[in-house]
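There are 2 protein chains.
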Amino acid sequence: MTNVRENIYEPFTEQSVLVYLEQKGLITDRREVTCQEVGDGNLNYVFIVKDLQTDKSLVVKQALPYAKVVGESWPLSLDRARIERQALQEAAKRVPELVPQVFDYDDDYAVTVMEDLSDHVILRKGLLDGNIYPNIAADIGTYLAENLFHASDEALGPVEKKKLARQFVNPDLCDITEKLVFTDPYYNAESNSYPDNLQESVESLWHDDRLIFEVAKLKKQFLTEGETLLHGDLHTGSVFVTETSTKVIDPEFAFYGPAGFDIGAFIANLTLNYIAQQERADDSRRHEISAYLLETIEQTWAVFEERYRTLLLEKGFDDRQRTEQYADYVIHKIWQDTLGFAGCKTIRRIIGLAHVEDIDGIENAAGRLQAQQRAIETGRSLIFNRSVWRSPKSLTAYLKGLEK
Amino acid sequence: MTNVRENIYEPFTEQSVLVYLEQKGLITDRREVTCQEVGDGNLNYVFIVKDLQTDKSLVVKQALPYAKVVGESWPLSLDRARIERQALQEAAKRVPELVPQVFDYDDDYAVTVMEDLSDHVILRKGLLDGNIYPNIAADIGTYLAENLFHASDEALGPVEKKKLARQFVNPDLCDITEKLVFTDPYYNAESNSYPDNLQESVESLWHDDRLIFEVAKLKKQFLTEGETLLHGDLHTGSVFVTETSTKVIDPEFAFYGPAGFDIGAFIANLTLNYIAQQERADDSRRHEISAYLLETIEQTWAVFEERYRTLLLEKGFDDRQRTEQYADYVIHKIWQDTLGFAGCKTIRRIIGLAHVEDIDGIENAAGRLQAQQRAIETGRSLIFNRSVWRSPKSLTAYLKGLEK
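Chains A and B supply the protein sequences, listed in that same order.
Residues 1 to 404 in this note's numbering are what the first sequence spells out, letter by letter.
Residues 1001 to 1404 in this note's numbering are what the second sequence spells out, letter by letter.
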C-alpha cells in the first residue's frame, strides 16, 4: 500500500494543475489548453483539460482530504485516490471497454489522469430525460460478472485473493456506507433527511423490529463477508452512457465485500427510477419506460448470472468449485444478498442523507410523497422477501403492481 | 505492516542467539547462561535461555523461511513472526493470564522473546497421560470469548476493526489450512496420509458428494468471512497447562476469519482425544476420563457463550447489536460454524497430512482402526448436523454413544 505523503499533497487549482501536467509531460504547452474544474467539490476536484490544437482532452481527478457530505466536513483519507485508481485498473484487465482509461496517476497528489467522458451523460440523468439505453443491461451485467468473479477466491485462489484484498482495505469510505445505508435510516439520526409529511412512514419503520433485525444481519454481512472486490457505490450516478457506450466510473468506495452489494445497488437505483417514473413520465411514454426499466432489471441479472456461472465452471480455482451444484449455491447466495442490499439501498435514498434526483425531483407534491412511501415499502419487501423471491421476475412482478 | 528485511535476517544458532540477546540487553553476560534449541525445526527455532545465577529463563522463538511439512520444504513468509507476536499482544490486552508474556521482538530477525513455559506441559500430552485439568473449559472458554469478541466489528466498530484486520492478512499460513483442512482430505491428494486398511472408509468419503459440497461451503466461509481475529490453529497442541495455569501459544496462523473456526478446532481435538481414550484409557479410568472430556466440551462452549453474550450486550458497538435477538443470532451462527469446522478438523487429522498422537499412538491395531473410522464418521456427523444440533449436549450425546 502506498500512502500519500501529506507534505507533498496540495489541492490543485485550474492553474497549478496545468503546471503539474506539463511537468509530467501529459500536455506539451499549458498556454495551448483550456482547463475547467467541473466536480461538485464534495469529495474531489475534477479538471477537464482540453488541448486547443489537437482537440484532445483528459480528466484530472484529485481527491480532497475531506467530504462535505454532512454539512460540515468529514475528514477522508487521500488514499482513496489510490484505491479508486487501482480498482479502475483491475476492471480494465477484464472489461477495458466499460471503464475510463487511466493514463497516469500520482499517489502523492492523490491524482488520477484519465479518459475524458464529456461526450457521455450520467445514466441517472439520461433515464430522467426519458432516454432508453438498450445496452445497459448487457454492459452492466457483464461488468458485474467479470469483476465480481475475477477478484474472488474462486478465480484467484486464496493466496492471490488475500494479496489483492489487502490493497483494498478502505475503512473511511466503508464507514460512510455503514452509517448512511445500514445504521442511520433506522433510528432518529441527525444525518437523516426527509420531508415532514413522511414522518409517520419513517417512524413506523423505526418501530419495525423485525425489519431492523434483518438490516442488522445485512450490515453484518457487509462488514464481514470479503467475497470479492466491489465497486462499492454502483448507483446510476456512477455510470456514464451514450447510445452505444457504457462506462462505470468512480469506484473510490471499492473494497472486498459481499458480491450482492454492487448488483443490489444498481437494481435499487433502477427500482427508484421506476417508482419515480410512475409520477414523472408522460402518460404517452410511461408504459414504454416502465417496461424498459423492468426488462433492464431482469436482463442485468440474467446476463450477470449466465456469465458468472460460465466463468466459475470454466475457471473455478479448484475442482469442487467447478460444479453446477456449487455454482447454484454461490449464485443463489449472491441473489439473496442482492435483494437484501437493494432493499437497504432503496430505503436510504428516501430517509437518509443523500437522496436521488429521481424521487426528490418529482414536482407534484402528492406524487412525490406517494413515490417516497412506495420506495420505503419496496425496500422493506426486498429485505423481507430476499429468501422467498427466487428470480428477478418476483421483483418485477411486484413493481408491475405499482404501475400507474 | 512491517516486512522483514531479508538482508538482515539469518537463522540463529545456540551461540549467535546469545550474542543477539546480549546486544539487546536481554541477558547481561552470555557466559553465564545456558541455551538449548528445543523446537521441532519444522517451522521455527525455539531457544530456551536460562540465567545460571538468577535461574530466570526466557524463550526466543524465531521463524524459519520454510516449513518442512510436506516432505520437502514449503517456503513461508517470515512475516508470520510479526503476526504471531502481534496476536499474542492483542490477546494480552484481554487475557494476559492466558498467554505467554512477550518481552521483546525484532521483526527483522523474525524473533519474539517471551516467557519460558517449561514448567507447563502441552495439553495434548497431558490428556494422553490421563491427567485431568479442571480449569481448561473455563480458561479456554474465556480465552475464546474475550479474543473473538474484542477483535470483532461489534466490539471495535467497523473502522478500527478494518485497521486491525489489515495487520493480520496471512496468505501463506491460511493457504496451509485451506489445503490441509478443506481440500486435500476430500480427494486423492499427494499430501494425504492414512493407513492402507482405511482405504475403503477414505474412498467412501471421496464419493460422498453431499459431504464434499458441505465442505466446499465451509471452505468458502473460511475464505471469505472476516468476522474476527482468530488464533487459527487452536488444537490441544497449542495449549500449555499445569494444574492451575493455562497458556495458549503459537498463534502464527492468526487471521481474520469466522469465529467458529477456533472453537471448532478445540472441540475437534477434545473429540479426537475422547475417541482415542476409548481405546487407550485403563478400564478403571475410562469412564472418569470420558466424562471429564464430555464435560469439558460442554463447559468450554457454555463459558464461551455466556461471556460472549455478556460482552456483546454490554459493549456492542451500536444499539442494534446490544439486543438479545442479535446476540442469539450471532451466537447461533458461531455455534453452527463451530460444529462444521470441528467436523473438518476431525477428518483432516485422520486422512490428511499432520495426524494427532491421540489416534496414531493407539498401540492396538484394531483399536486404532476403530478409532480412525469413528473419527471420520464423527466428523461427517458434525458437518451434516451443524444446523440440527442445537447445543453441545447433542454432540456429547452422540459421543456418549461411542463409549466403550
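FYI, nobody ran anything at the bench for these hints, they're computed from the structure.
The reader is advised that the hints may include incorrect statements.
List of simulated lysine-lysine pairs, BS3-like, C-alpha gap at most 27 angstroms [claimed, not checked]:
#	chain 1	residue 1	chain 2	residue 2
1	A	Lys217	B	Lys1163
2	B	Lys1217	B	Lys1050
3	A	Lys333	B	Lys1333
4	B	Lys1333	A	Lys179
5	B	Lys1093	B	Lys1179
6	A	Lys163	B	Lys1179
7	A	Lys56	A	Lys24
8	B	Lys1404	B	Lys1393
9	B	Lys1217	A	Lys179
10	B	Lys1333	A	Lys217
11	B	Lys1179	B	Lys1050
12	B	Lys1125	B	Lys1024
13	B	Lys1217	A	Lys163
14	A	Lys404	A	Lys93
15	B	Lys1050	A	Lys333
A quick note: this is a predicted structure, and the numbers were derived from the prediction, not measured.
Now the hints, each set against the structure:
Using a Cα cut-off of 27 angstroms, the hinted pair A:Lys217 and B:Lys1163 holds, with the two alpha carbons roughly 22 angstroms apart. Note on B:Lys1217 and B:Lys1050: the hinted pairing is violated, with a Cα-Cα distance of about 48 angstroms set against a maximum of 27 angstroms. The suggested pairing of A:Lys333 with B:Lys1333 holds, with an alpha-carbon distance near 16 angstroms, which does not exceed 27 angstroms. As the CA atoms of B:Lys1333 and A:Lys179 are separated by approximately 24 angstroms, the hinted pair is consistent with the 27 angstroms bound.
Our distance criterion of 27 angstroms between C-alpha atoms is broken by B:Lys1093 and B:Lys1179, whose separation comes to about 32 angstroms. Proposed proximity of A:Lys163 and B:Lys1179 is supported: the alpha carbons are some 17 angstroms apart, at most 27 angstroms. With a C-alpha separation of about 17 angstroms, the suggested pair A:Lys56 and A:Lys24 falls inside the 27 angstroms cut-off, and the hint holds. A C-alpha spacing of about 19 angstroms is found between B:Lys1404 and B:Lys1393, which places the hinted pair at or below 27 angstroms, so the restraint holds.
A C-alpha spacing of about 30 angstroms is found between B:Lys1217 and A:Lys179, which places the hinted pair above 27 angstroms, so the restraint is violated. Annotation: proposed proximity of B:Lys1333 to A:Lys217 holds, straight-line Cα distance about 11 angstroms (limit 27 angstroms). Proximity of B:Lys1179 to B:Lys1050 is assessed by CA-CA distance (about 39 angstroms); at most 27 angstroms being required, the pair is judged violated. Restraint check for B:Lys1125 and B:Lys1024: the C-alpha separation of about 35 angstroms exceeds 27 angstroms, so the hint is violated.
For the suggested pair B:Lys1217 and A:Lys163, the alpha carbons sit about 22 angstroms apart, so the restraint of at most 27 angstroms is met. For the hint pairing A:Lys404 with A:Lys93, the CA-to-CA distance comes to about 43 angstroms; that exceeds 27 angstroms, so the pair is violated. Annotation: proposed proximity of B:Lys1050 to A:Lys333 is violated, straight-line Cα distance about 56 angstroms (limit 27 angstroms).
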